[in-house]
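Chain by chain, the residues run as shown.
2 protein chains.
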Amino acid sequence: MLRTHNNGELRLANVNQTVTLCGWVQRIRDKGGMIWIDLRDRYGITQLMLEEGKTSKEALDIARSLGREFVISATGPVVERLSKNDKIATGDVEVKIESLSILNPAKLPPFLIEDETDGGDDIRMKYRYLDLRRNPVRANLQLRHQVARFTRQYLDDQSFIEVETPVLIKSTPEGARDFVVPSRMNPGEFYALPQSPQTFKQLLMVSGFDRYYQIVKCFRDEDLRADRQPEFTQIDCEMSFIEQEDILQMFEGLARHLFKQVKGIDLESVPRMTYANAMKYYGSDKPDTRFEMKFVELKGEESDLTSGKDFQVFDSAGLVVGIAAKGCAEYTRKQVDELTDFVKRPQVGAKGLVTVRYNTDGSIKSSVDKFYTEEDLKKWVAAFDAEPGDLLLILSGEGDKVRKQLNELRLEMGSRLGLRNSDNYSCLWVVDFPLLEYGEEENRWFAMHHPFTSPKPEDLGYLESGDFGKIRANAYDLVINGVEVGGGSIRIFQKDLQAKMFEVLGFSDEEAKHQFGFLMDAFEYGAPPHGGLAFGFDRLCSLFGGSDSIRDFIAFPKNNSGRDVMIDSPSAIADAQLNELKIKTTV
Amino acid sequence: MLRTHNNGELRLANVNQTVTLCGWVQRIRDKGGMIWIDLRDRYGITQLMLEEGKTSKEALDIARSLGREFVISATGPVVERLSKNDKIATGDVEVKIESLSILNPAKLPPFLIEDETDGGDDIRMKYRYLDLRRNPVRANLQLRHQVARFTRQYLDDQSFIEVETPVLIKSTPEGARDFVVPSRMNPGEFYALPQSPQTFKQLLMVSGFDRYYQIVKCFRDEDLRADRQPEFTQIDCEMSFIEQEDILQMFEGLARHLFKQVKGIDLESVPRMTYANAMKYYGSDKPDTRFEMKFVELKGEESDLTSGKDFQVFDSAGLVVGIAAKGCAEYTRKQVDELTDFVKRPQVGAKGLVTVRYNTDGSIKSSVDKFYTEEDLKKWVAAFDAEPGDLLLILSGEGDKVRKQLNELRLEMGSRLGLRNSDNYSCLWVVDFPLLEYGEEENRWFAMHHPFTSPKPEDLGYLESGDFGKIRANAYDLVINGVEVGGGSIRIFQKDLQAKMFEVLGFSDEEAKHQFGFLMDAFEYGAPPHGGLAFGFDRLCSLFGGSDSIRDFIAFPKNNSGRDVMIDSPSAIADAQLNELKIKTTV
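These protein sequences, in sequence, are chains F and D.
Residue numbers for the first sequence follow my numbering, beginning at 905 and rising by one.
Residue numbers for the second sequence follow my numbering, beginning at 905 and rising by one.
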């Protein structure tokens, strides 16, 4: 090794040892004949010291020629520091330099290599290798490594086998858009990159692998957003001879293990909520349960506390629903106006907001006092189980649409009230998803999860009767802090039922056979009952890291146009390559 | 769980417990009113028992309707067996069935699901999910999981961080052919799939990651052979602030750990051999050192024991070189003829073979007695350090060509003499590879390893003088049993040297900048000395599994045409897909 120690390990016990350190120059101070250099590597920072008159002139000259981020090697004895630095682990000591050499000089970096940098997003992505030098970014990737490591530890202990499934597979029309790869050896034909190893893991169950997992890259050629990347990583799992309950317990165990090992948090038992209740009480299939603030219906299927008072807006609405914001009765007019503006934003889409202040003195004041008496409003307050000081925020409209609007408002209020701290974690299983959803545009049914998801046995009658919208699936999502972290289902393992599903989804027999014939065949040769799930690994890491952006947890991410601006990819390729592949571009 | 136990865990201690087992029917015997069913899963086989008159008629009827590979569930008490089976772990007990149900019937499989199957390669690949049910195939993938697990264990303990590098990268002209992926969002442009994460791991060193690894899929669009797959897996590693010696020791440590954990073998220290000596003594840069049988030169740079005796073949040859096959002096004429035929095969390409029998009685008899006296032959025998009973096998011709021929013959003799047992392991570091090799066809120099490999400092003069063929690289291969399992190098980390290398390789400044500008830039911002290596993971697994074929260690391999015959991929894709990608096929 070019070094005897790294920059994070010297302590008082090393005093008087002669050591050689290597690393990057973080900072240099040259004052009163003394020079101090902070030398950095992945493991920490160690202070080097040179002294006019004592250190050799050669070393002093080299030290004075150094710039930030130079790569150097330094040798000398470890000495105790006079003024200790308790902010760094090596702060009790410094190295009194006897010799110094430059391993590689460095140009001035285009942005500061510090925890707080002056570099904007674009420049940091172009020089990602410099951005990765910064502690917070490197810490994210170290966290990622730990999450992977503890995931494997848990699954290995539970007799899961990691099996690598192929990356060059076959394009399928269902689901998101595939990336494709032209085959040179089979001209005119294409591989596809997997959106997930779904069918392969099911085949592994047919093979009797019993418990499979894989931490695996997946690919989707979709338009990108902040939290989407064209290539992303999944923790992909499958088990045989199980029921839904077994899966929930097994992977609640994984979550518990990760929280304990990675964050030092003892996770309580994860509550469960049906999809129907999640929509009813939170207007979302991934409610943020770090805070309560459940929806209360003033007018709906079970109650009506608003009609017949000449308030047209509510009278014409199918649903009047709201939330109670604790302690917000004192909001100023301006604050309430902000909320009204918030719900009217196109992303939310509400027409207006009705507010009711339940003041601390017990009085009630609403924005619809023209229509409703204090007696009416008292009933509302009672329905909300509100306390003095609460502000009721009420939206109206039609069913799921208004629920989704109120979900946005609820999350906004959670943020305003400081209830969405990224250091707090709240996990939830959402269960009993609908099996199918109707695509109005396409005029056909789509699988909500994927075509291999099993209907609940008690809902099989609806499959026969054609009430497809009523069929619930044995499907489940793990939601943490309002983020869908994982999801899965019990699978269909009977050939006839799978064929029926393809039929419902509008596949002709021929199409089903062409696309998934191998799976249908496999089901004829002894397929066990099985099910599984997949976690979004990038997202899981970002949650543990307390960030909204998965990009921060990917070493070399792509931008919103799918470009890697560092290596400048994608790029044009040579005509010779295109000719060999027997394709041409039509741009 | 649908079962209380798996099929590998019941013991005498479980007797009298009522258990439920699930699995596949391996075998049924119905004899004298008794029915025995061997129930199989990944964990083992358990015997189920039913008895006419005691077991319910319903269960008996179901049992009699079962076929091989049916998936069933069976419940009943565990009882001690009268005649125990010591070949299986559960052989002391059986389960006395009270109820039995069919979870999924199975068609008769197209080949026997037994350790020895009657299925040919093609049918087994088409029904790979059935082939994977067979114990030896499943064991291979379990071994693969273990090798990965212990690799991670070792590298994690050594402070390596696993970092995922991108799969959608940029096509580069150097090296093998890339698979490419058209970009929909950037029409006319393409990603490439990585042949290795080489440049990314070097950038991670520039980022200060210090120790990186990744078990990662790589891709090469090359014509396929038995031991090549278009997608394969590497254990990819890189370290900073190290010299070659550090890498050799670190990864010898990994090899030692794997041999111990996976095979229970204590690996001795791995010897080293220069490339020059490997070629001189074994005619190969990956000698099989499970056996000695080193080359001996009768005529070469240092000696000439053959010239001037009117034997034209030897007189006109630049090199006369042979091996001594222990105890083969007694080979029959037929056996010797076989060897002559062997060396004349087009794959070997020799013109003929000269043999010398050093008989046990001390007499010497050769196929060239016409030209050489016993006195001459005695000198040969002495040069070979041969013992009575040995057979000398001698080839002649020009330099490396004849050495490669003799390498083939040596391996053949090793096999014939039983010296290449796959249960024996011999590891070797081959070091000091040439940096560059000349491509006669292309009329230019190529990097033997890759363009980022560092020349030995003492050979830098040849880079200036233009004696490119003389430059040795800080490059090394790990060879096990004659198979190149891993290889790597110390990298260039200085911008100027890297630019010089690209120049030698015939890159224009512009090309170098276009292809590797980001790396050259990175070298300006403080790149540390670094180096690394990669192991061929599939090959490593096949070695540990005692097989020549990497395919046996890949769950879903492709055939020699790059096809997955199970899922029928690659395949044609829809015109709509091509249109969106702005490409068209020209087949």
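Hints were generated in silico from the structure; no laboratory data involved.
The structure presented is a predicted model; accordingly, all values stated were derived computationally and were not measured.
Note that the Cβ used here is the ideal one computed from N, Cα and C, for glycine as well.
Among these hints, one or two may not hold up.
Lysine to aspartate or glutamate pairs mimicking EDC-like chemistry, simulated, CA-CA at most 16 Å apart [to be verified]:
#1 D:Lys1011 - F:Asp996
#2 F:Lys1030 - D:Glu1172
#3 D:Lys1030 - F:Glu1407
Just so you have them, the derived chain F footprint on chain D, three or more residues with Cβ under 8 Å [what the hints assert, rightly or not]:
#4 945-951
#5 1052-1060
#6 1186-1200
Hint-by-hint comparison with the structure:
1. D:Lys1011 - F:Asp996: 74 Å, violated
2. F:Lys1030 - D:Glu1172: 47 Å, violated
3. D:Lys1030 - F:Glu1407: 25 Å, violated
4. 945-951: holds (count 3)
5. 1052-1060: holds (count 4)
6. 1186-1200: As far as the region 1186-1200 of chain D goes, the hint is violated, because 0 residues have Cβ atoms under 8 Å from chain F.
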